[in-house]
Amino acid sequence: MGDHARHDSVRHSYDTVAEEYTTRLHAELEGKPLD
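Numbering-wise (our numbering), the sequence shown opens with residue 69 and increments by one.
Simulated from the structure, these hints should not be mistaken for lab results. A few of these clues could be false.
Unchecked claim - Restraint ranges, calculated between C-beta atoms of paired labels, are given here: (1) LEU93 - ASP71: 26 to 34 Å; (2) LYS100 - VAL78: 26 to 34 Å; (3) PRO101 - ASP71: 37 to 45 Å.
Small disclaimer: the values here were computed from a predicted structure and weren't measured. Ideal Cβ placement from N, Cα and C applies to all residues, glycine included.
Let the sequences and hints guide you as you build the complete structure.
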């Protein structure tokens, strides 16, 4: 697998995780004070 294909694979994986975060966890820190 070349570097370009590997980067695309990592980018796709990151996008999948980011989408799940947006869907399920985006409000997790609402109302909590910042440290």
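So, going through the hints one by one against the coordinates:
no. : hint                       : result
1   : LEU93 - ASP71: 26 to 34 Å  : 31 Å, holds
2   : LYS100 - VAL78: 26 to 34 Å : 30 Å, holds
3   : PRO101 - ASP71: 37 to 45 Å : 43 Å, holds
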